[in-house]
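*Asks:* As they're listed, the protein sequences go chains Y and R.
In this text, residue positions in the first sequence follow my numbering: the first is 1, and each later residue adds one.
In this text, residue positions in the second sequence follow my numbering: the first is 1, and each later residue adds one.
Mixed in with the good hints, there may be bad ones.
[What the hints assert, rightly or not] Counterexamples of contact, computed for chain R against chain Y with all Cβ distances above 10 Å: (1) M1; (2) K5; (3) W23; (4) P47; (5) I50; (6) L60; (7) K63; (8) D64; (9) R69; (10) I83; (11) M94; (12) K95; (13) V102; (14) P106; (15) K126.
[What the hints assert, rightly or not] With beta-carbon atoms standing in for the labels, derived distance ranges: (16) T31/R to C337/Y: 30 to 40 Å; (17) L24/Y to V74/R: 23 to 33 Å; (18) L89/R to E246/Y: 26 to 36 Å; (19) L144/Y to W40/R: 52 to 62 Å; (20) T31/R to S364/Y: 33 to 43 Å; (21) T110/R to V278/Y: 51 to 61 Å.
Quick caveat, the hints were computed from the structure, so don't treat them as lab data.
Quick reminder that beta carbons are idealized off the backbone N, C-alpha and C, glycines included.
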Amino acid sequence: MKSTSSIVCRMATKNLQRRPVRTLCMMFFVFMLSTSLFCSSVLVDSMQGTLQKTTDRLGADIIVVPEEYEREMADSLFLGELCSFTFDREWVDVVSNLDGIQECTTQMYMASLAADCCSAATQMIIFDPETDFIVTPWLEQDGLALPQKGELYIGALINPPEPDSIKFFGENYHIIGQLERTNTSYDTCVFMTVETAQEIMDSEGWAAAFGEPTSAAADLVSSMMIRVEDGADAKAIAREINYSIEGAPISAYTTNGIFSGVISSVESMTGYSSVLMVLMLVLVITALLSVFTITINERTSEFGVLASLGVSSPKLAGIVLTEGTIIGFLGGFFGICISVVALILFSTPIQVKLSIPQLNTEISYLLVLSAKCIFLSVAVSLLSSLYSTWKVSRTKLDGLIKGEEL
Amino acid sequence: MMKQKVVSIVSGILALLLAVGPWTLFQACPTTEKVMKCHWCCRAVIPVAIILLVITVLQLLIKDTKLFRKLSLVGIVGFIMPILLTTLLIGGCMKPEMACNVVAFPVINTLSAVGIVLQVIGFLTKEK
Chain Y
1 MKSTSSIVCR MATKNLQRRP VRTLCMMFFV FMLSTSLFCS SVLVDSMQGT
51 LQKTTDRLGA DIIVVPEEYE REMADSLFLG ELCSFTFDRE WVDVVSNLDG
101 IQECTTQMYM ASLAADCCSA ATQMIIFDPE TDFIVTPWLE QDGLALPQKG
151 ELYIGALINP PEPDSIKFFG ENYHIIGQLE RTNTSYDTCV FMTVETAQEI
201 MDSEGWAAAF GEPTSAAADL VSSMMIRVED GADAKAIARE INYSIEGAPI
251 SAYTTNGIFS GVISSVESMT GYSSVLMVLM LVLVITALLS VFTITINERT
301 SEFGVLASLG VSSPKLAGIV LTEGTIIGFL GGFFGICISV VALILFSTPI
351 QVKLSIPQLN TEISYLLVLS AKCIFLSVAV SLLSSLYSTW KVSRTKLDGL
401 IKGEEL
Chain R
1 MMKQKVVSIV SGILALLLAV GPWTLFQACP TTEKVMKCHW CCRAVIPVAI
51 ILLVITVLQL LIKDTKLFRK LSLVGIVGFI MPILLTTLLI GGCMKPEMAC
101 NVVAFPVINT LSAVGIVLQV IGFLTKEK
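Chain Y on its own, in the form it takes in the complex:
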């Protein structure tokens, strides 16, 4: 003999199958809720995750850049956009002598062209191996040697036409390795030392594109990364750099300060997403509640027949609740499936249009998020069916048989 719960389950499934249009409409509401929750969560979490990774990878407390270039610097660090700005190295010595600075290193940025002279338009990062605390630990961790003259490392997302060489300004340079993927803007950069940078600047292709270089690569700096001593106030040191060094064409920002634009974008995105979710939740609950109430009222005679055949009130309530659970689960499940496919297929245009560097598509993260979305979908659907359940279980047999409004 079949158990009561399996009979209730089968009855609920058959009820849903008998009215496919109504079932699909109700599933659609839950589907919309699950899709919007899943997609907005992935977008917001990806934005926050990349910001955190970029800040962690940077490992500096203060960034010094030429005046009015902080926006370009932030876009380059966060979105991997090409940038090429410099200031004179003489200011590095002035800044590094200030109190409270534990260590500092410099980087220079050069952008190649998206033309036949170059394999691709790529950001070149020139670091100083003697003082560097950003790229070198990364190389050491992977057991990679420092690049020599004419050698370079490429980021994980760079695919040169030939595996061991890349062309910049008409000259080929030797690739000694490809770095591991970091899901930050560093994945689309090329790393080299100042000797290689000087070689590029001395090439004929560079002269044809930008003219003869006016300064040596070793005399130019694009950014200065500073680590402050333990207990020192990074904000105070940044203020000191900005206001105490007279005539300096540089501005200092704390890591959070330079990303303030990105942080405010993340915050507003989180805010919009929360408002959208609350609105969706209210709309879906109202819609499901209405549909459940209307259909249960239409089905009073059906429940009356079941009750007169001996089906108890809790079992009648169980049928309605099971219908709600099935609708919630299937709607939520399909919503997640469609969202995952859409996010994978359209990740590139989403990233470009919403200025999100990387979408988080890690399996473990997606599984946890899917479980949360399905749980919410089922909870919303169950919540919406509670009123109808209560009405069905409370109404007397004669009222049900007469088809009275519940």
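Chain Y is already provided as a structure; the job is to place chain R on it using the hints.
*Replies:* Okay, now just chain R, sitting in the frame of chain Y:
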């Protein structure tokens, strides 16, 4: 029968768009002396689209539901191919903001996804 006709006609239009669209309506990156990867990807989509077009014409002509369902199964696999070509097998340009990544490939993927859904509907058609 009506459902089968709609499935085959719309799928045929999608297949035609997959073949012609990347060169006319939703163009990939312009071809200069240096030919980009996306150019070859869009070329690879053409034979797949032609096969899909033949399948949809056959679907329109035949009256046997069993055969229609079998062709739908091939159609599903066929419509998966452009997605694989643009994402895994060939791909496009490195820079995400290039025309292939922002316009051509998303449209190809959308058309293919709609095609898959239509062919699944065709496959689920009940025999009478």
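*Asks:* Now tell me, hint by hint, if it's right for this structure.
*Replies:* Results of checking the hints against the structure:
1. M1: The assertion about M1/R holds, with a minimum of 20 Å to chain Y.
2. K5: 22 Å, holds
3. W23: It holds; W23/R is separated from chain Y by about 20 Å at its closest Cβ, greater than 10 Å.
4. P47: 21 Å, holds
5. I50: It holds; I50/R is separated from chain Y by about 23 Å at its closest Cβ, greater than 10 Å.
6. L60: At about 27 Å from chain Y, L60/R clears the 10 Å cut-off, so the statement holds.
7. K63: 26 Å, holds
8. D64: 26 Å, holds
9. R69: With a cut-off of 10 Å, R69/R remains clear of chain Y, as the shortest Cβ separation is near 20 Å.
10. I83: The claim breaks: I83/R does not keep its Cβ more than 10 Å from every Cβ of chain Y (closest is about 7 Å).
11. M94: 5 Å, violated
12. K95: 7 Å, violated
13. V102: 5 Å, violated
14. P106: 5 Å, violated
15. K126: 13 Å, holds
16. T31/R to C337/Y: 30 to 40 Å: 37 Å, holds
17. L24/Y to V74/R: 23 to 33 Å: With Cβ atoms ~28 Å apart, the hint holds.
18. L89/R to E246/Y: 26 to 36 Å: With Cβ atoms ~60 Å apart, the hint is violated.
19. L144/Y to W40/R: 52 to 62 Å: 32 Å, violated
20. T31/R to S364/Y: 33 to 43 Å: 41 Å, holds
21. T110/R to V278/Y: 51 to 61 Å: 30 Å, violated
In this structure, the earlier hints numbered 10, 11, 12, 13, 14, 18, 19, 21 are contradicted, and the remaining ones agree with it.
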